[in-house]
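*Asks:* Take these sequences, add in the hints, and give me the full structure.
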Amino acid sequence: MSTLKVEGLSVRAGALELVREVSFAIAPGERVGLIGESGSGKSLTALSLMGLLPEDVTASGTARLGGRDLVGVPESRVKDLRGREVSMVFQEPMTALNPLMRVGAQVAEVMTLHGTPRHDARERAVALLDRVRLPEPAQVARAYPHQLSGGQRQRVMLAIALANGPGLLICDEPTTALDVTVQKQMLELIDEVAPALLFITHDLAVVASVCERVLVMYGGRVVESGPIREVFTRPRHRYTEGLLAASRLTPRGTRLPTIQGSVPPAGRFPGGCVFRNRCPHATPTCEAAPALTGEGHAFACWHPAG
Amino acid sequence: MRGRANAGLVAGGALVGLVVLTAVASFFWTPHDPTLVDAARKLREPGGGYLLGADKFGRDTFSQLMVGARTTLYVGVVAVGIAAALGVPLGVIAGMTPRGWLSELIMRVNDLVFAFPALLLAVMLGAVYGAGTLTAMIAIGVATVPAFARVARAATLQVMVTDYVLAARAAGRRRPAIAVRHVLPNIGSMLIVQASVSFAIAILAEAALSFLGFGTRPPTPSWGRMLQESQELLFSTPRLALWPGLAIALAVLGFNLLGDGLRDHLDPKLRRVEER
Amino acid sequence: MRRIGIWIAVGGLLLGTAACGGGDGGGSAPKAQSLSVGFVAEPANLDFTSTEGAAIPQALLVNVYEGLVKLDQEGRIVPLLAEKWEISDDRKTYTFTLRDNVTFSSGAPFTADDVVFSLDRVKSDWKLKIKSQLDVVDKVEKKDDTTAVVTLKQPSNGFLYSMTTRLGAMFSRTGVSDLANKPVGTGPYVLGSWRRGDSVQLDANPSYWGTKPPLSSITLKYFKDATAMNNALLTGGIDVISSVQAPESLQQFADPNRFEVIEGTTNGEVVLSMNNARPPFDDKKVRQAVRHAIDHKALLDTAWAGRGGLIGSMVPPTDPWYEDRTGDYPYDPAKAKQLLGGRTYNVKMRIPNLPYAVSSAQVVKSQLAQVGITAEIEPLEFPARWLDQVFTKGDYDLSIINHVEPRDMGIFADESYYFGYNNPEFGELLASADRGTEQEQSDDLKQAAKLLSEDAAADWLFLFPNLIVAKKGVTGLPKNAISESFDFTALAKQ
Amino acid sequence: MTFYLLKRLAVLLAGIAVAAVVVFAFMSLLPGDPAEIALGVNATPEAVAALREQFGTDRPPVVQFLDWSGGLLQGDFGTSYVTSSPIGPQIGDRLGVTAVLVLGGMAVALVLAVPLGTFAAVHHRDPLGAVISAASQVGIAVPAFLAGILLVYVFAVQAQALPSGGYVPFAEDPGEWLRGLLLPWASLGLVQGAVLTRYVRSAVLDVMREDYLRTARAKGRGSTGALWRHGLRNASVPVVTVLGLQLATLLIGAVVVERVFVIPGLGDLLLNGVAGRDLLLVQGVVMVLVAAVLLINFVVDVAYHLLDPRLLR
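Chains as they are written, first to last, in UniProt numbering: chain A, 1 to 306; chain B, 1 to 276; chain C, 1 to 494; chain D, 1 to 313.
It is possible that part of the hints are untrue.
[What the hints assert, rightly or not] In silico lysine-lysine, BS3-like type, Cα no more than 27 Å apart, as pairs: (1) K92/C to K142/C; (2) K335/C to K42/B; (3) K297/C to K42/B; (4) K42/B to K142/C.
Derived by calculation from the structure, the hints in this document are not laboratory data.
*Replies:* Here is the structure:
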C-alpha cells in the first residue's frame with residue numbers, strides 16, 4: 001500500500017517529450033529523493049503530480065494518490081487534493097508568496113480553502129508558524145513577505161504545505177536559494193516534520209541527509225533508482241556514476257570526477273539510451289533504449305558499472 | 001506568442017514604412033497639386049486620375065493624403081526629437097546620480113512639466129505665438145519630455161548596477177565617458193520603443209489640435225485638418241472623412257505595433273517569459 | 001387675445017424650463033410654448049454699451065431693449081416706442097411722440113425722461129467708438145412725458161438710422177446698475193436665465209405694452225462648432241439654426257417634411273482686406289491685380305457652397321443706393337499678371353479662425369498663387385487675437401472678415417481703420433451724403449461705392465447669406481438679417 | 001505612512017506653488033492688453049486707461065502675481081476682465097461638469113477594460129483573446145473626437161436615440177442629464193478603455209506568471225480562483241499608475257469631447273477664454289487643470305503605497 005503510485009508518467013510540450021515513462025511509488029512515511037541536473041525533467045515530474053504544469057505542457061500516464069487520480073483529470077477534480085493531501089514547497093521563496101498579503105493570512109488561506117473556519121484557521125496559522133520554528137510567530141503572521149528573510153519565507157511556505165496535514169510533501173529544491181547555514185536548519189526541519197516526502201534536488205549531499213531512497217533522472221527518464229546507500233556507494237548507471245564522481249561523494253581511489261559534455265537542451269537527447277552521447281562506455285548497443293530493471297536497486301543501462 | 005509578437009512587428013513596420021514611403025514620394029510626385037482649388041472639380045467622384053475623388057475645393061484627396069503623411073511624420077519627428085533631445089540627457093543624468101540633489105530636481109521639474117499635458121500646452125502656446133504646426137510640435141514635444149526622462153532614468157538605473165559599468169567605474173572612468181560608452185548604447189532599445197509609442201501619441205495629438213483649430217495651418221494638407229474639414233460633408237460625402245480617418249488610425253496602429261513588437265523583441269525579460 | 005397670451009406665459013412658467021428644445025410633441029397643446037435657437041457666438045456679457053460683439057445686440061435688441069424706431073424686413077425705419085416723429089424743415093430737429101402705456105420690465109414707466117437719459121448716456125457712459133455716430137446730436141430734451149425732442153448740430157441722414165441700432169436702445173433710469181448681467185428694457189422678452197457657455201433664456205415679458213409674443217420662452221443656445229449645431233437640429237436639441245456655418249451640410253436638411261431652409265440676405269460683406277498702408281498693397285496696381293486674380297464665382301461655390309451673392313463694393317443689395325459693381329474687376333488672371341508686371345510677392349494672410357474665413361482663404365491663396373502672389377495663411381483666434389493683431393495694430397497684408405454692421409461703408413473713410421485706406425475724396429462724398437437730401441445721399445453713396453471699388457480699397461469676396469434652417473412649423477423667422485438684432489417678436493411654432 | 005503622506009503632501013503643495021508661478025509668467029506673455037480687449041476696437045484711450053487701473057493691470061507683475069496667488073489661497077480667482085463676473089464660481093460650475101464627464105468616462109473605460117483585459121490575458125493563446133488585443137489596438141488608434149463624431153452620427157442622428165450634445169444639469173432633469181452624458185462618456189471611455197485594456201492585459205499576464213499564483217494553486221485554488229484572489233490586486237498596482245496618467249489624459253481629452261458634444265465644461269471655458277483673451281480666466285482654468293493633474297498624481301502615489309506594502313518602510 002503506497003501513498004503515491006506513479007506509472008508511465010510522460011510530460012509533453014507540443015511535440016517535445018520532456019519526461020518519458022516515469023514510474024515510481026512512495027510508501028507512507030517514506031522519503032524519496034529525485035535527483036538530476038537541471039533539464040532532467042525532475043521539476044516537471046513534480047509539477048505534473050500537483051497539476052501545476054505550465055500552459056501548453058501536458059502530462060499522460062497515471063499517478064494515484066490514496067485512490068485518487070492526479071494526472072489526466074480536469075483541475076476541478078484535483079484541486080481539493082492540493083494543499084490537503086499533497087503539498088509542495090518551491091525553490092524560490094522570494095517570489096512564492098503574495099507580496100500584498102500578510103503572512104498569517106496566506107497560511108490561513110490554505111486551511112479555509114479546505115473547510116477550516118476562518119477564525120480557527122487564523123489561530124492555527126500562528127501555531128504552524130511556531131511549528132516551523134519562526135520566532136515570534138504572532139508577529140510574523142502580521143508581517144508582509146518582504147519583511148521576512150528568504151529562510152523565514154521558506155519556513156512560511158513549509159507551514160502552508162503542512163497546514164492540512166498532507167500525506168505527501170513535495171519539495172522542489174527548497175534549500176537551493178538559501179544561505180548555507182540556513183539550508184541546514186531548513187533540511188533538519190523538513191526531516192522532522194515531513195510525512196511522506198518527494199525531495200527534488202541536484203545536490204547529492206542534501207539527498208543523502210534527508211532521504212531513504214533515491215531516483216536518478218536524466219533526459220526525462222529515471223535511469224536508476226534504489227536505496228540511497230546502495231545507489232550512492234555502488235552506482236550502476238554510468239550517469240549516476242559520473243554524477244557521483246563529480247560530487248564529493250566520490251568512492252575512494254576512482255578517476256577524475258567529470259562527465260564529458262553538457263546536458264543537451266530539451267528534445268536534443270539521443271534516441272536509445274539518452275546518456276550515450278556523453279557516456280565513455282557507449283557502444284552501438286546503446287542505440288536501443290535500455291529498460292529500467294532490477295528489484296529494489298534498478299537501473300537502465302546496457303553497460304552498467306561494477 | 002512569439003510568432004504573434006513578430007507578426008505585430010512586421011505589420012507595424014510595414015505600416016510605418018508605408019507612411020514614410022508615401023511621405024518621401026510626395027516630395028517628388030503627387031497625382032495633382034494638393035492645394036490647387038478648382039471649382040470645376042468640386043466633390044468630384046473617385047476615378048479618372050482622381051483615385052479617391054476631390055474635396056469641396058476640388059483638391060485631389062489622394063494627393064492631400066500623400067502630402068498629409070509628410071505633415072504627420074514632420075510633427076512626429078520634431079515632437080519626438082524635442083522630447084528625446086531634452087528628456088534623454090535629463091533622464092540619464094538623473095539615473096547616474098540617483099541620490100543627488102540634481103536627480104531630485106530633475107525629477108521634480110519633470111513631474112511639473114508632466115502636469116501640463118500636450119493639448120493644454122499647445123493651446124497656451126497657440127494663444128501666445130499663434131496656432132500652427134511648429135507650435136503644436138513644440139507643445140507635444142515638451143509635454144513628452146517627462147516620458148522620455150522617466151524611461152531613460154529607469155533604464156539607466158538598471159544599467160548602472162551591471163558588472164561592466166561597475167568595472168568601468170572601478171577603473172576610474174569619468175561619468176560622461178561611462179554615459180556615452182555604456183549607458184546610452186544599453187538604454188537605446190528602450191528609447192526606441194518609447195519613441196515609437198510617443199510618435200503614435202503625437203499623431204493623435206496633432207489630429208486633436210487640428211480639430212480644435214490649433215494645429216497645422218491651412219492649406220498645408222494634414223490628416224487631422226482633412227478630417228476636420230470633412231465634418232460638414234460627413235453625411236453627403238463620407239469618403240472625405242473616411243480616408244484621413246483611416247490614415248490616422250493606420251499610422252497610429254503602425255507605430256503602436258512597431259513599439260510593442262520592438263519591446264517584445266528587445267526586452268530580454270519579456271522574451272524569457274514568452275519562451276517559457 | 002391678450003388674456004390668452006398671459007395664460008400661456010403663466011403656463012410656460014409653471015411648466016418650468018424643462019421643455020426647452022424637447023417641445024416637439026406638442027400635439028395636445030394648442031400652441032408650443034418655447035423654442036430654442038442655435039447661435040454661433042455667445043455674448044461675453046450682456047452690456048452692449050461697453051462691450052463689443054455682435055452677439056449682444058443680436059440677442060437683446062428689439063427683444064429685450066427697444067428703441068424709439070426699428071428697421072423692418074425691407075430696411076424701412078418704422079415706429080417702435082415712438083408712435084410717430086416729426087422732422088423740422090431744416091432737418092435738424094426730431095420730435096418723437098412716445099407711446100404712453102409702456103413700462104420697463106422693472107415696472108418703471110417709460111417716459112421722455114428715459115429718452116433724455118438714454119441718449120445722454122451714450123455720450124457720457126458708452127465706451128464704444130461707434131458712439132461717435134451720435135456725435136451729431138446737439139441736445140435731447142423732454143417736452144412732456146410723452147414727447148422728446150432731439151436737436152442735431154447739422155442735418156444728418158444717418159441719425160434716424162443710428163437710432164434703430166443699439167445706440168438708440170432705451171434704458172431705464174433705475175435699470176443700469178448691472179448691465180452686464182441684468183438688462184432692463186421695455187421689450188417683449190426679459191432675461192430669464194443665462195447658463196454661461198451654454199445658453200441664454202429669454203422669457204416673455206408679462207407686462208409687455210404691445211402684442212404679446214406667441215412664445216413663452218426662447219432659448220438661445222450657443223455652438224462653437226457648426227457640425228454640433230447641425231446635429232442638434234437633426235436630433236431635436238434645437239428648433240432653429242440662426243445662421244448656418246457649414247453650408248455644404250444643408251443637404252442634411254433637404255427633407256421638406258421635417259425642415260425649412262430660409263435663404264435671405266444680410267448686411268455682411270465678406271471682405272478680403274488689403275493693407276493699403278504698407279507694401280505691397282499700398283500700390284493700387286497690386287490691389288487691382290488681386291481683384292482680377294480672384295474668381296469670385298468659383299470662390300463662393302467652393303468656400304461657401306454657392307450660397308450668398310456676389311458684390312463688388314461695400315454696399316449690400318438691401319441698401320437703397322446699391323449698384324451692381326461686380327463687373328468692375330472680372331476674373332482675369334492674365335490681366336492680373338500684367339498689372340503685377342512680372343513681380344512676385346510673399347504676403348501674410350492673417351484671418352480669424354472662423355469657418356467662412358478659413359474656407360475662403362484657401363481659395364484666395366490658391367488663386368493668388370496663379371498670378372505670382374504667395375500668401376501664407378495664419379488663422380488667429382477670433383475675436384481677441386485677430387482684433388489685436390490685425391484690426392488694432394494693422395499688422396497684416398491680407399485678411400478676410402465679414403463686416404456685418406449695417407451701412408458700414410463709412411469705415412473706409414477712417415484712415416486709422418485697419419484698411420489704411422486714404423482717399424479724401426471718399427470721405428468728402430460720405431460727409432456730403434449725410435448732409436444732403438435723400439436723393440443727394442443716394443447719389444453720393446453710389447459714387448462713393450464706385451470710388452471704393454475702382455481704388456480696389458479691398459476686394460469683396462461675397463455677400464454673406466442669411467441661411468436659417470428651422471424645424472417645420474416654426475414661423476416668424478426673419479428672412480433677411482439686415483439689422484443688428486435677431487428679431488424674435490414674431491417667432492412662433494405651429 | 002504618516003511621514004510619507006506628509007512628505008508627499010509637501011511635494012504636492014510645492015508643485016502647485018511652482019505651477020502657479022509658471023502659469024502666471026506664461027500668461028503674462030500673452031499679447032494684448034486686457035483693458036483694450038475688453039473695450040474692443042472702438043474704445044477711447046481714456047476709457048482704456050481707466051479700465052486698466054480698475055483691473056489693476058497697471059501695477060508691476062510681481063504685485064499682480066502676489067495679489068492673484070493670494071486670492072487663490074482663499075478660493076478667489078479674481079474677476080474676469082471680459083465678462084466682469086467673478087471667475088471662481090464659473091470655474092467651479094465648469095469643473096463639476098468636467099469632473100462628471102471625466103469620471104464617467106473613466107468608469108466606462110474601467111468597466112470595459114478590466115474584464116476584457118483580464119479575459120484577453122487569461123485567454124492570450126486563444127483566438128478570442130487575440131481578437132480583444134487587436135480590437136484594443138484599433139481602439140487606441142482612433143482619435144477621441146472621431147469616435148465622438150461617429151457615435152453622434154449613429155446614435156443621435158441616425159437612430160435618434162440620444163441627444164447629439166448639450167448638457168442638462170442634474171438638478172434640472174436627472175434623466176436628461178444622464179441621456180446627454182451617455183455619448184460623451186462612451187466616446188471618452190471607449191478610447192481610454194482600449195488603452196487601459198492593453199495595460200490590464202499585460203499586468204494580468206505578468207501576474208499570471210508569478211510564482212505566488214502557482215503557490216495559490218498548490219494550496220488548492222483553481223487557476224481562476226487563484227487569479228481572482230491573488231492576481232487582481234497585484235495586477236492593479238501597475239494599472240493604478242496608468243489609471244492616474246489616464247485621468248490626466250482624460251481631463252484634457254475632455255476639452256475635445258466638450259467641443260464635439262457642446263458641453264459647457266472647463267475645456268470649453270478654456271477655449272472661450274483663449275479666444276476672448278480673457279487672461280485671468282485662462283490663467284485660472286489652466287491653474288485648476290494643472291493642480292488637478294498634480295492632485296491626481298498625488299492620489300495615485302498614495303493609492304500605490306496603500307496597495308503595495310513593500311513601498312512603506
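*Asks:* Hint by hint, which ones does this structure get wrong, listed from lowest number up?
*Replies:* Of the numbered hints given earlier, the structure breaks just one, which is hint 4.
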